[in-house]
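Read off the chains here:
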Amino acid sequence: MAVYVYAVTTREHPCRVEGMTGVGSEGAAVRVLSTEALRAVVSDIEGEIRPKRRDVAAHQAVQDRLIEDGTPLPLRFGYTAPDDDAVLRVLDEKEDFYRGALERVADCAEYHVKASRAEDLLLREILDDLPEARRLNEEIRQGSEDPRLPVELGRMVAGEVEQRRANAAEALIGSLAPLGREYVVHPVGGDDFLALSLLVRQDDEDALKALREHAGDRGDGVEVRLTGPLPPYSFMS
Amino acid sequence: MTVMPQGASGSPARGGQGGTGSLYDVLELILDRGLVIDAFVRVSLVGIEILKIDVRVVVASVDTYLRFAEACNRLDLESGRKAPTQLPEMMDKMVEGGSKGKTKGALSGAMEAVTQSLSGREDEDDDEGDEEEQEAPRRRKPARRTARRERE
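Protein sequence lines, in the order shown, are assigned to chains A and B.
Residue numbers for the first sequence follow the numbering used here, so the first one is 1 and each next one is one higher.
Residue numbers for the second sequence follow the numbering used here, so the first one is 1001 and each next one is one higher.
If we strip away everything but chain B, and leave its shape as in the complex, we get (with noise of 0.2 Å):
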C-alpha cells in the first residue's frame, strides 16, 4: 500500500519506514472487514489475532479512576525530567533484562519500543514460528496502559 505522509512525530514503535507501521494501522481492516464467503473455511488466526488492537472502552470503574487519578498525580513530576538524558541507561537495562512478556510502566514500554526499534527488530521477519506473540508488547505505544488497565 501506498504510504502517505504521516506524523512526522511518529512514536519510535512505528518505526521510521512506514510499511510496517501502516500494515498495523490497518490490521483490523485486513482482518475484520473485507468481503465474507460463507461458503468458505476461514483458517485459524491464532498468533494473529493478538497483533490487533485493544479496543478502548473506558469502564465507569473505580480502578479507571484510580488510574486516572494516578496519571494526573504523576504529570508535573514528570514533566520537569528530560527523558533523553534518561535513555542510555534504561535503554540498557531493558537490553539486559529482556523484554519479553513483563507488565509495563509506561517509560519501560517506551524504551522498549525504541530499544527494538533501534536494533533493527522493526525490519526483521518473522521466521521463527513464536515469532507473533511477542509483537504485541513491543507494538503497543507507552500510553496504551490506558486500554491494558481498563480491561482488567
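Just chain A, with the same shape it has in the complex (with noise of 0.2 Å):
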C-alpha cells in the first residue's frame, strides 16, 4: 500500500507519533520505519489524494512532534511512496545524505520571519519625503487631465517604493541574521517586504529572546511576524 512520508529521524530519535492521525480522508494511524541508521515516519494513503488545508496541518503537526524531541529533516509537503519497502531502501540507499543533513540540523530549529508594512503608510512617507511627488499629486486631484502625470507619479513612487522595501528588509536582514546559524531570504508577497528563514539552536537563549524581541508592530508601521521553532523545511538544499 501506497504510504505518505513525512520525515526522516536519525534512528536514535524516539518519534512518539503514536495516536496521530495522518495525511488524507481516511485519517490513517501515523507510524515509524526503522533501519538500522535512521527512521522514516509514515502513514497509509488509499486512492488518488487531494490534498486540504487539514491535510497540511496533519503534515505540520507531525513536525511539530518529533522536532520536541530532535530536529527531523522534514519533507516538502505531499511526497508519496507506492510502500514500505520503497521508503526503507532510499533510507538505506541515501543514508550518507540524511545523516549529513540531520548533523547539520541537529539541535537546531527554524524560525521563519515576516516583515510588513501597510502600503498607505508608506505611499504617505514617500509623499511627505518628495515634493515633485507631492505637487503631480495634488495636480493630478485638481483635475488636470493630462494623462502623462499620473505616469510619472506612478513611475516615481513606485521606484521609492521598491527602494525603501528593499532598504527595510536589508536593514531587518543584518539585525536578524546573526541570530542563526544560517538564513534564507525567500521571495515576499502582498505587503511584506521580507521572508526570512533562520536555523536557530534551540539552546541559544540570546538569539531566541532577540528574535522575539523584534516581532511584534514597532511603532514605525513595521510588523514582524515570527514562526516557529519549525523543522528546518529551508535548510534542505
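Wrong hints could be hidden among the right ones.
Stated by the list, open to error - Where chain A lies over chain B, by a calculated footprint (3+ residues, C-beta under 8 Å):
1) 1031-1042
2) 1065-1075
What the hints assert, rightly or not - Only pairs whose alpha carbons sit at most 20 Å apart, straight line, appear in this in silico SDA-like list of lysine to any residue:
3) K94(A) <-> V1036(B)
4) K94(A) <-> V1041(B)
5) K94(A) <-> D84(A)
6) K94(A) <-> F1040(B)
7) K94(A) <-> A106(A)
8) K94(A) <-> R1042(B)
9) K209(A) <-> G174(A)
10) K209(A) <-> L199(A)
11) K94(A) <-> A1039(B)
What the hints contain is simulated information worked out from the structure, not anything from laboratory work.
In this text, all values refer to a predicted model and were calculated from it rather than measured experimentally.
Yeah, the Cβ is synthetic: ideal placement off N, Cα and C, and Gly gets one too.
Since each chain sits alone in its own frame, please combine them into the complex, following the hints.
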C-alpha cells in the first residue's frame, strides 16, 4: 500500500507519533519505519489524494511532534512512496546523505520571519519626502487631464516603494541574520517586504530572546511576524 | 507549531488565534521547501497551491504606475474618514451580496475579512471539497491588491 512520508530522523529519535492521524481522508495512523541508522515517519494512504488545508496541518502536526525530541528532516508536503519497502530502500541508499543533513540541523529549529509595512503608510511617507511627487499628486487631484501626470507620479512612487522596501529588508536581515547559524531569504508577497528563515540553535537563549524582541509592531508601521520553532524546511538543500 | 508573539495589530484576516494564521505564514515553506526524495511521487496540489502567496514583483509597467498614482490620489481623501463608523453598513452589504469570487477594492476586501472572521469562518475546518478555492480571496489582506494588479 502506498505510504505518505513525513520526515526522516536518526535511529535514536523516539518518534512519538502513536495516536496521531495522518494525511488523507481516511486519516490513517502515523507510524515509523526503521533501518539500522535511520527512521522514516509515514502513514498509509489510499487512492487519489486531493489535499486540503487540514492535510497540510496534519503534515505540520507530525513535524511539531517530532521536533520536540530532536530535529527531523521534514519532507516537502505531498510526497508518497509505493510501499514501506520503497521507503526503507531509499533510507539505505541515501543513508550518508541523510546523516549529513541531520548533522547540519542537529539541535536547531527554523524560525520564520515575515515583515510588512502597510502600503498606505509607505505612500504617505513618500509623498511627505518628495515635493515633486506631492506636486504631481495635487495637480491630478485638482482635475488635471494630462495623462502623463499619473504615469510620471506612479513611476516615481513605484521606484521609491521598491527602494524603501529593499532598504527595510536589508536592515532587518542585518540585525536578524547573526542570530542564526544559517539563513535563507525567500520571495515575498503582498505588503511583506521580507520573508526570512533562520536556523537557530534551540539552546541559544540569547538569540531566541532577541528574535522575540523583534516581533510585533515596532511603532514605525513595520510589523514583524515570527513563527517557530519549525522543522528546518528551508535548510534541506 | 508554537506561535510566538505576533504584532498586536495583526490584521483581521489573520484572526486572533495564531494557529491558522501562522500556518498561512509558513505555507510556502511546507509546500515549497523541505526534503524532496526523487524516488517518491508527489500528490497533486490542485486546490492547495491557490492558498500560497502571490509573489510580489513590482513590474515596471504603465499599469503599475497608474495603480500607484491612484493609490496616492486616494490617500488623503481616505485618511479623513473614520473607517470604523462605516463598518456595519459595509458588512451588511458584504453579507447580503455574498463574497465569493468578486474583484474587490481595498475596503470591501477588508470588510470581507472582518465579516468572515466575525462569523467564525476562521475556525471552521474544511469539510467541503471546494472550500480551498474560496480561501485565497478572504485571506488576502486588503492591500494585497498590489500583488493582484501587478500580475495582470
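Taking the hints in turn, this is what the structure says about them:
1. Remark: the region 1031-1042 of chain B is confirmed as covered by chain A, as 11 of its residues place a Cβ nearer than 8 Å to a Cβ of that chain, reaching the required three.
2. Proximity of the region 1065-1075 of chain B to chain A, defined as three or more residues with a beta carbon under 8 Å from a beta carbon of that chain, is established by the 10 residues found.
3. Only pairs whose Cα atoms come within 20 Å are accepted, and K94(A) paired with V1036(B) is accepted, the gap being roughly 12 Å.
4. Our distance criterion of 20 Å between C-alpha atoms is met by K94(A) and V1041(B), whose separation comes to about 17 Å.
5. Between K94(A) and D84(A) the alpha-carbon distance is near 16 Å, which keeps this suggested pair within the 20 Å criterion.
6. The suggested pairing of K94(A) with F1040(B) holds, with an alpha-carbon distance near 13 Å, which does not exceed 20 Å.
7. For the proposed pair K94(A) and A106(A), the alpha carbon gap of about 18 Å is at most 20 Å, so the pair holds.
8. Between K94(A) and R1042(B), the direct Cα distance comes to roughly 19 Å. Compliance with the 20 Å bound is thereby established for this hinted pair.
9. Under the criterion of a C-alpha separation no larger than 20 Å, the hint pairing K209(A) with G174(A) is consistent with the structure, at around 17 Å.
10. At most 20 Å may separate the alpha-carbon atoms for a hinted pair to count; K209(A) and L199(A) meet this at roughly 14 Å.
11. Distance hint between K94(A) and A1039(B) is fulfilled; the C-alpha atoms sit about 11 Å from each other, no more than 20 Å.
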